[in-house]
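> Here's the letter readout for the chains.
Protein chains: 2
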Amino acid sequence: MSLYDAMFSQYGVKIAQVLVTKADFYNEETRRNLISTLSELISLNIVPIINTNDAVSPPPQVDEPIGAKPGKRGISLKDNDSLAAMLAAEVQSDLLILMSDVDGIYNKPPWEPGARFLHTFSSEQRQTIEFGQKSKVGTGGMDSKVNSAIWALDRGVSVVICNGMAKEAIKTILSGRKIGTFFTDSAVVGAVPTEIIAENARIGGRLLQTLTPDQRALCVHTLADLLVSKQSQILDANQKDLQEASSSGVAKPLLSRLSLTPSKLKNLAHGLKQIADSSHKNVGRVLRRTRLAEGLELKQITVPIGVLLVIFESRPDSLPQVAALAIASGNGLLLKGGKEAAHSNRALMELVKESLATIGATDAISLISTREEIADLLTMEQHIDLIIPRGSSDLVRSIQQQSQHIPVLGHAEGICHVFVDKDADLKKALKIIRDAKCDYPAACNAMETLLIHEDLMNTNFFMDVCDMLKKEGVKINSGPILNQMLTFAPRVAKSLKHEYGSLECCIEVVKGIDEAIDHIHNYGSGHTDVIVTENNNRAEDFQKKVDSACVFHNASSRFADGFRFGLGAEVGISTARIHARGPVGVEGLLTTKWVLDGVDHAAADFSEEGGRQWIHESLPVN
Amino acid sequence: MSLYDAMFSQYGVKIAQVLVTKADFYNEETRRNLISTLSELISLNIVPIINTNDAVSPPPQVDEPIGAKPGKRGISLKDNDSLAAMLAAEVQSDLLILMSDVDGIYNKPPWEPGARFLHTFSSEQRQTIEFGQKSKVGTGGMDSKVNSAIWALDRGVSVVICNGMAKEAIKTILSGRKIGTFFTDSAVVGAVPTEIIAENARIGGRLLQTLTPDQRALCVHTLADLLVSKQSQILDANQKDLQEASSSGVAKPLLSRLSLTPSKLKNLAHGLKQIADSSHKNVGRVLRRTRLAEGLELKQITVPIGVLLVIFESRPDSLPQVAALAIASGNGLLLKGGKEAAHSNRALMELVKESLATIGATDAISLISTREEIADLLTMEQHIDLIIPRGSSDLVRSIQQQSQHIPVLGHAEGICHVFVDKDADLKKALKIIRDAKCDYPAACNAMETLLIHEDLMNTNFFMDVCDMLKKEGVKINSGPILNQMLTFAPRVAKSLKHEYGSLECCIEVVKGIDEAIDHIHNYGSGHTDVIVTENNNRAEDFQKKVDSACVFHNASSRFADGFRFGLGAEVGISTARIHARGPVGVEGLLTTKWVLDGVDHAAADFSEEGGRQWIHESLPVN
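Chain order of the listed sequences is A and B.
Numbering (the UniProt record's numbering) for the first sequence: 1 to 622.
Numbering (the UniProt record's numbering) for the second sequence: 1 to 622.
To be clear, the hints were calculated from the coordinates, so they are not data collected in a lab.
Wrong hints could be hidden among the right ones.
Note: identical chains are not told apart, hence a pair may lie in one copy or across any two.
Lysine-lysine pairs mimicking DSS-like chemistry, simulated, CA-CA at most 30 angstroms apart [stated by the list, open to error]:
(1) Lys-178 / Lys-167
(2) Lys-299 / Lys-281
(3) Lys-266 / Lys-240
(4) Lys-497 / Lys-108
(5) Lys-470 / Lys-167
(6) Lys-422 / Lys-266
(7) Lys-108 / Lys-167
(8) Lys-544 / Lys-273
No experiment lies behind these values; they were computed from the predicted model shown.
Put together the whole structure using the sequences plus the hints.
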């Protein structure tokens, strides 16, 4: 107590010691006295420090079960945790904080595979949690804390179990930030735990996979039809989003992206029908057939990846598109849309569920509503196979950084270059540069840096380019070399590795193709790079050496796009080097599986005594 | 001082205050006195607490540069850090520890992209580090700490800068574990920083990529020839490893894996020549050709992934194999071998470098020698594109867990099932089970769990299987259902999700194919699963529904192998779902790139006013 006194007095807080015994809670008079003492102390701004009165209480019996006994009003007072829980329930406190030397609780013993830290715990989850052996510290271990917390929760008191050594733990809790495990039955916590939603997507995806391509296509057609027949319902929901957005002063371009119209829905339905029609050869396609030996035939076939997590911003039309792609490719799907489109997304999701119900796979696709759930999902590598963020570079970058073990398909940056070689047709060059920069400057495949061969600096070309860009309203920055060459140069670019994403670009001078390639490797993002030249050997050299997803000759960088590449619906553009690179169509949602048919084949048959021989004959796939 | 005194006295340590001024270091007499005072105190086990004598020293001038001035012997005493550095140099201390409220230093300001924590810092690295603005705490900020540390390092004193709030920081430092940044010029730290080695692999890989397939093949042939012509040199090195291993009491199987022989080398050379010969169509293969529009043709071609990090255990023969695969596929490569094969690996690496030198790409492949370097490399997602751990499940699992943003190709577990359907030919079943479990029990594709249709429990089959397994020396565990069925059952398996990896397995009874599939999904690892049945429809159903990399019918699980699948050299077996799945051949080291050739094509040409039309015609790839 003297230590408590010394420490609290540093903050100018007065304390009072209160000692209780179990009996004090059962005897109506002592109980009343206790509660009024506590209320009085609190009203006087005195913090009661409560403990069991060990001098007069018998030690608790270790094997006495925790929990209410019939005819008794409390839990047995085995330790400070149960004492705290009982007191919290008695005074109906707003929050009970139980401090431990561990960070909180996990869904299973933390040393077991698949153990996941629980930020929130609702009493429904009780069955899904396995607790480990009691920790060595005995009755003060986690079991007792958790039982006390649940006991208090059942009596309407929210509880946080956290690590008392964490910096400013109490302040962090009171500011509402995530620390420890929050025991609550508040409705904010989704009724279905995120992990269950993810598991259902796996099961639903497996079900989709076993259907025939026709059944999957039919489901997408159903969804397309619903978009038209339930149009008014969708537009009503969208109207709510638009009202909320405009009343909170959202910018015009965002509003137009958020808005749905009958014609947008019609086009969307049309696009979905195309996805359905072209889906028949996605799953189950034979990529390779090999006769390994007499009677032993191997096939490599395409199958869905499994469970996708797609995170998209504002545009609600992404939802049915992505859902259709997932259904057509037999993948389970978790979707997270932007907050600003919440009403529209919910309405669209209902239609997705309705169409999935026709094939009995309702759970294959679910909508995730909170950011906390996303953070949880990003750690569930056992449930999620691929993450696709669709939106701003910031979104992609943040998802890439947060996801530590689940692959992320996408690109955080699109720093695309156009290199104008000395042998370029300068008219073509001007045309390609204009298109690459000005056709849609916000796109990831727009040009950010123009590289000009130094020989062209003696011609009119540089001035022509600058005039053209100026006319188009493009702000020019210069690279350090260009800047040194000119008497009056545009301001020096802050960084050569920068995505302007607007009517602005950088111009730099290079000595030749090799310097251009080095520049691209040093400052580019491996997205799309272009050479303009009439020298085909040099173009080939450039296309061979530039290590980017897309390398173009005499064509605008704006062609780097799934639709323009003829891939159908675009899943995204990837600058990763494995799985899928560049514009990705529905093929990016597929993987393969090896199917082997034998008679009674054993590996030992192929040993020297086994008598069977390898053939390894490649067979036609059709 | 009273606080210091109170705290040190808790540990029974006596302290003494020593106050100094800058002048005390310049005046030869005071300097001598100071040093002997300090020596005397230390010899008496008294810890000197040293500070500037602020009562008599003028405050330091803020703009006075840190660093030795001509004619002066020390650095200016601006703060405790410079004081500490000067004292450490004066007494030639073994280690100077500078404590801060940050963890140590980074290669660039920690909030910038690509900032990497530096565990070690050698004075050669000085140029490669950018320091940020002085932190708000003024002269006590990191700049001053780093300058003082470098100053001391230049005078032969090693320094650790660490977070003083870290738990038991001093004990951790003294036990030699990694905490904070260690400033040292000791030779233990590789001459070339890991990051530079990785960057060189990228540059070297890009160079390999620009060579012709013939040049790459020739380089592999050169390496193959060197393995034979420099045989004695390799065997000498290997002898040293074997001696060290046997003197440290290494087990026999490990010794045999470690040992190289003339015939092993000959076979190895033969294998390398096969890799060279079959490499011509790896890189630059056209996978897809599309005419997007008149004069605009798109090609998707295979290209190397970039830079691979391959981590392998004991077998030194892996080194030339993996190097040959990387060269043949045009990838840069970083290799980390087992410590026990250090001599052999170095000798083999010399030959790899010798063969790379013939094509001018010496730096494309490098050997990494310390585990610390691996930890560094696992965070360098900008330099490394794919990690391939080849070795035990523990190795793979640990690498998978450590690598947060670089994909890892491999499998941590191989929990393979054989399901014997009620319509199985029981003789075939016995043969396949024996092969799947006993042919090579340590392999990842060996059977771990046998699932038996319940109808077969009324036949002799169960006893026949048990007799056969017993005869082969296989220890049997039973699943919970089998255990309940039998009066005298084998002991219950501790877990149904377990890889025995030895002559041991689990047997469980299932009601039918659906329960078998559920069991496999719940407890399997997605590696290889087998059905034995004469009912082809049921086999097809099983192959469709089981969500594993390999699903076999009437064939042993042991066929899941790159060579047996006819893929040539095996890179690994992957249970991941993206990029490559199942046994992976050299194709797993490749990705694709999109190459577009146009005339002057702009995206705007395809708008309504543009006048150009999409064709999207698929062209033959040959």
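> Could you run down the list of hints and mark each one as holding or not?
Checked hints:
Taking CA atoms no more than 30 angstroms apart as the test, Lys-178 paired with Lys-167 passes in both settings, with 13 angstroms inside one copy and 23 angstroms between copies. Taking the shortest alpha-carbon separations for Lys-299 and Lys-281, both the intra-copy value of 16 angstroms and the inter-copy value of 21 angstroms come in at or below 30 angstroms. For the identical chains of this complex, Lys-266 and Lys-240 are intra-copy neighbours only, at 20 angstroms inside a copy versus 75 angstroms across copies, given an alpha-carbon limit of 30 angstroms. Taking the shortest Cα distances, Lys-497 and Lys-108 sit within 30 angstroms of each other only across copies (16 angstroms), while inside one copy they are farther apart (45 angstroms).
Within a single copy, Lys-470 and Lys-167 get their C-alpha atoms no closer than 54 angstroms, and across copies no closer than 59 angstroms, so neither meets the 30 angstroms cut-off. In this homomeric assembly, Lys-422 and Lys-266 never come within 30 angstroms of each other (Cα to Cα): the closest approach is 49 angstroms inside a single copy and 52 angstroms across copies. Within a single copy, Lys-108 and Lys-167 get their C-alpha atoms as close as 26 angstroms, and across copies as close as 27 angstroms, so both meet the 30 angstroms cut-off. For the homomeric pair Lys-544 and Lys-273, the shortest alpha-carbon distance between copies (26 angstroms) is at most 30 angstroms, but the shortest distance inside one copy (38 angstroms) is not.
When each numbered hint is compared with the structure, violations occur for hints 5 and 6.
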